[in-house]
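Student: Chains as they are written, first to last, in this note's numbering: chain A, 1 to 260; chain B, 1 to 255.
Calculated directly from the structure, the hints in this document are not laboratory data. A couple of the hints might just be wrong.
With a cut-off of at most 20 angstroms between alpha-carbon atoms, the simulated SDA-like pairs for lysine to any residue come out as follows [as the list claims (entries may be wrong)]:
id, chain 1, residue 1, chain 2, residue 2
1, B, Lys17, A, Ala128
2, A, Lys54, B, Thr253
3, B, Lys252, A, Ala71
4, A, Lys61, B, Ile96
5, A, Lys54, B, Met97
6, A, Lys54, B, Leu102
7, B, Lys17, A, Arg130
8, B, Lys252, A, Gly14
9, A, Lys54, B, Gln167
10, B, Lys17, A, Thr92
11, B, Lys17, A, Glu95
12, A, Lys61, B, Leu95
13, A, Lys54, B, Tyr10
14, A, Lys54, B, Ser249
15, B, Lys252, A, Thr56
16, B, Lys252, A, Glu68
17, A, Lys76, B, Arg101
18, A, Lys54, B, Ser6
19, B, Lys17, A, Thr90
20, A, Lys27, A, Leu67
21, B, Lys252, A, Ser72
22, B, Lys252, A, Ser57
23, A, Lys76, B, Asn100
24, A, Lys76, B, Tyr10
25, A, Lys61, A, Gly14
26, A, Lys6, A, Asp208
27, A, Lys182, A, Met1
28, A, Lys54, B, Ala248
29, A, Lys76, B, Phe182
30, A, Lys54, B, Val247
31, A, Lys76, B, Phe5
32, B, Lys252, A, His69
33, A, Lys76, B, Ser6
34, B, Lys17, A, Tyr131
35, A, Lys76, B, Phe4
36, A, Lys54, B, Pro98
37, A, Lys54, B, Arg165
38, B, Lys17, A, Arg94
Small disclaimer: the values here were computed from a predicted structure and weren't measured.
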Amino acid sequence: MIIEVKDLAKTYPGGVEAVRGVTFDVKEGEFFGFLGPNGAGKTTTMNMLVNLVKKTSGSIKIDGFDLEHNASEIYKRIGFAMQEIGLDETATAREMLQLHGRLYHLPVSRIEEQIAKLLKLVELEKVADRYASTYSGGMRRRLDLALSLIHEPRVLFLDEPTQGLDPHARQLIWNHLRDLNKQGMTVFLTTHFMEEAETLCERIAIMDKGQIVTRGTVPELLERHEAKTLEEVFLKTTGSNLGEEEVNLNASDPYVRGRG
Amino acid sequence: MSTFFSDWYYLSIRNIKQIWRPALALIPSMFIPIFFFVVNSQSFSAVSKVPGFPNVSYKQFIAPVAIFTAIFFSAGNAGIELVQDISNGYLKKLLIMPINRLAIILGKLTEVAVQSVLQGAIVLVLLLAVGVPINTGFLGILAMFAMLILFAMAWSCIGMIAALRTQNARLVQSMFILVFPFLYLTTSQMPRELLPDTFRTIATYNPVTSIVEGVRALVLDGWGNPAIVQGFLVAAILFVVMVSLTVASFQKTLK
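Excised from the complex, chain B in its bound form (with noise of 0.2 angstroms):
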């Protein structure tokens, strides 16, 4: 193994202890999904009578949602453990060592992966076990979970690149609340063809509504549809700019 994959697998597995330590802090980001799938499905249902609304129960069009939101929250983490590790000093330690810079950045994100596969994987047993099917079966699975790994990941770049240009805990932990406008501003509760306009053209423009309807589509209709493929393109090209931007922002702030 070369020095720099062995560096991101140390890494990685020290990032990965982190994610159960403490273990309490894994149930705001395995409630607040849960919460809502419930509440909502439940004091919703009747929006699945509405005329235009797809052929499915409201649970069911909303289901994905539950396993997005987990992800969404849990991404979140990588910024606020970056600004602990900036503001005791780790960091600095880290950076005089003879390791590959791009490896502490890389271990952050296999974090990220590992935590949205453990969080969504609950939550989809959960589903599962309420009656939600899964149209594209196991292999429709895998690739729920490799779009939400690549969203993820991205996602998780905007607390790490807070981190980076402010060292400041507070506003990084502030930054879940972008979820909200992020997740709500999409057609995640609502399908387009029945948003009010407005939301509908912001909906559009809204880089989160291809990954929505992209899960969406593979739990409710089948591979031909092409939000999977657009699901795919939109959450690679956020990755790829996304972790571009935290590079820079490395290297930037570093020096």
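Just chain A, with the same shape it has in the complex (with noise of 0.2 angstroms):
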């Protein structure tokens, strides 16, 4: 198992339990699909799987570092495409792309081929060269696909990666997933589109008040809620609507405090 974890808990200052005693692995090379409600927890985990949020309680391992004293070892083996596009306004694409190559502390020689590599993956070549702020939605969220991807991390976190996209786009950011994916990295994806966790996922994790309430693969779900879409399964376990707002979306924060 390349994702191990072990009862895992988040409790937030002021008492809000964001994430109650979850277990669950993901295998390597699996394309592994996390849905919920907003404020199910789902942020808050990947969150504390990265080490932006600290734990509460339980155990993460990823490719066999325990995260609690071996997380610089981890984190060059993992790669985050945000919910936020994280990205310096400041800076051109190719920019970016060439520090967070030098931070991963790669070989020039082989940053220079990684971004030459990456910039046409997500299609950026013509647009390299100009400042982030100048961009669209669609090739920010290219962007920073690109900048998690410039180490080739073993495991990908991808947070709602397609949120705000258009049809297009995100059918391109989707084939790109699918080429990593089938390339052996393991990818593991929160998302609202039941669709496109159907599409992409092997294995899908339902998360609600802060538990797993349902996992298995797409047929194993529909068999076992008797269901016939994903969304069904969804409603089932969850009794939410896709796309409801709940009041604790900043719990996930790291940089809001005492916040439910």
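Make the complex out of the two chains shown on their own, each in a separate frame, by following the hints.
Tutor: What follows is the structure, encoded as structure tokens:
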């Protein structure tokens, strides 16, 4: 198993239990989907997996390394494209990719190879020397994906990677993700789009109120919950309407302290 | 080069590029010190005839303050850039890289140092052009910049701490108003002997006074003035305290 999570829990200051004893694992090379309504604890879980939020209890192992004791080894092996697209607005795509390559301590020749490959992959070759502030939403999302891939991570974490994209851009991202997964990269995806999860993911876990309420392959979930679609499974297991907003959206944000 | 130093180096380069992106952003922090120097040196030139005023023109007296002000304003940018990195999520990207987190702070401080030298040098050239002499010569200029850089880095920590603790861009931007009490409740505009009692007391306890007087001693007096050593000492203490507080805020906020 490349990701092993056991009894993972997070209680924020103020007593909000965002994640309550979650246990799951992800196989190497798997495309794993993590679904749930807003406020279910998905982003908090993902932020704990990449060490952006400190867990209250439980254990996390990635590629055999315990996150608590070997975080820097794990950082070398993971990529993370966040829901919020974190770009340096004052830099160009090429500059950002070069900086990230250097911060991952890659040799210069490999950085240049990776930049050429990734710019082609995300179709930003022609605008690579433009400032990120001039990019459209889709271009920004693709650049963010390229940044998370510069060091060829073994595990790619994606938090709502197609949020806010038009169908064309979404399809483009899906194709990239499928290709990466075929090449052996493990992908851990959270999404609101049932179609996205159904299309891409081999196994799915659905989370609600800080706990995993069901998991399995799509056919297994449909059979277990006597449902015709994944959306039906989602509604049966969470009782939520898709896109329903809950008040504790910020609970997963490590910069927002003392809030639910 | 160990990875720590290479991380520091590349993050510094990234930050230094932000100084002139966009170039127009440099104008306000250059305009303010020059504006105040020109207006004050002309408006209050007669002050130098008041008994008790040092034996120099008012222009010479406030010249060091012009360099100081340029550095004061530019040091505030570090906090603004940091809060931008936090709010747009870029800092999170840095935090999940195999880099030493101290390098993130040091990269910001290096940017402050470079910007201080650039802006301070421009103001210095203007002062030399209008006939302000530097009595301690080239070495004095180097010493002045060393002291000012230490202070600028310490001052920039206020903005960075505010950025880390509040993540509020408006609050961090408004921190520049602190420049005014800290700079004007000193001997920046008037010698200590001519200040009213209350202001003199405040100036005595305001650490910025030591820096102003240290820089002024390098410009107007000579190496024998003890204000130089005191200025260095205060700048160094402020640097150590403020950087320690910033690192502590960094560790505390991100967990």
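Student: For the pair supplied as a hint, lysine 61 of chain A and isoleucine 96 of chain B, confirm whether the alpha-carbon distance does not exceed 20 angstroms.
Tutor: holds, 15 angstroms
Student: Check the hint pairing lysine 17 of chain B with tyrosine 131 of chain A against an upper bound of 20 angstroms on the C-alpha distance.
Tutor: Holds, at roughly 12 angstroms.
Student: Given the hint that lysine 76 of chain A pairs with phenylalanine 5 of chain B, does the C-alpha gap stay at or below 20 angstroms?
Tutor: Measuring from Cα to Cα gives roughly 18 angstroms; hence the hint holds.
Student: What's the verdict on lysine 76 of chain A and arginine 101 of chain B, does the C-alpha distance respect the 20 angstroms limit or exceed it?
Tutor: It holds: about 15 angstroms lies between the C-alpha atoms, which stays within 20 angstroms.
Student: Could you grab the alpha-carbon distance between lysine 76 of chain A and tyrosine 10 of chain B and see if it respects the 20 angstroms cut-off?
Tutor: Holds, because 18 angstroms separates the two Cα atoms, which is no more than 20 angstroms.
Student: Take the C-alpha atoms of lysine 54 of chain A and proline 98 of chain B, compute the straight-line distance between them, and say whether it is at most 20 angstroms.
Tutor: holds, 17 angstroms
Student: For the pair supplied as a hint, lysine 61 of chain A and leucine 95 of chain B, is the alpha-carbon distance within the 20 angstroms limit?
Tutor: holds, 18 angstroms
Student: Just to be careful, I want the Cα atoms of lysine 252 of chain B and glutamate 68 of chain A compared with a cutoff of 20 angstroms; is the pair within it?
Tutor: holds, 17 angstroms
Student: Has the given pair, lysine 54 of chain A with glutamine 167 of chain B, been kept, meaning a C-alpha gap of at most 20 angstroms?
Tutor: The hint holds at about 19 angstroms.
Student: Can the restraint linking lysine 252 of chain B and serine 57 of chain A be considered satisfied, given a maximum Cα separation of 20 angstroms?
Tutor: holds, 18 angstroms
Student: For lysine 252 of chain B and alanine 71 of chain A, compute the direct alpha-carbon distance and say whether it is at most 20 angstroms.
Tutor: At roughly 17 angstroms apart (the allowed maximum being 20 angstroms), alanine 71 of chain A and lysine 252 of chain B satisfy the hint.
Student: Quick one, are lysine 17 of chain B and threonine 90 of chain A close enough, alpha carbons at most 20 angstroms?
Tutor: Judged against 20 angstroms, a Cα distance of about 8 angstroms means the pair holds.
Checked against the numbered hints listed earlier, the structure breaks hints 13, 18, 25 and 29; every other hint is satisfied.
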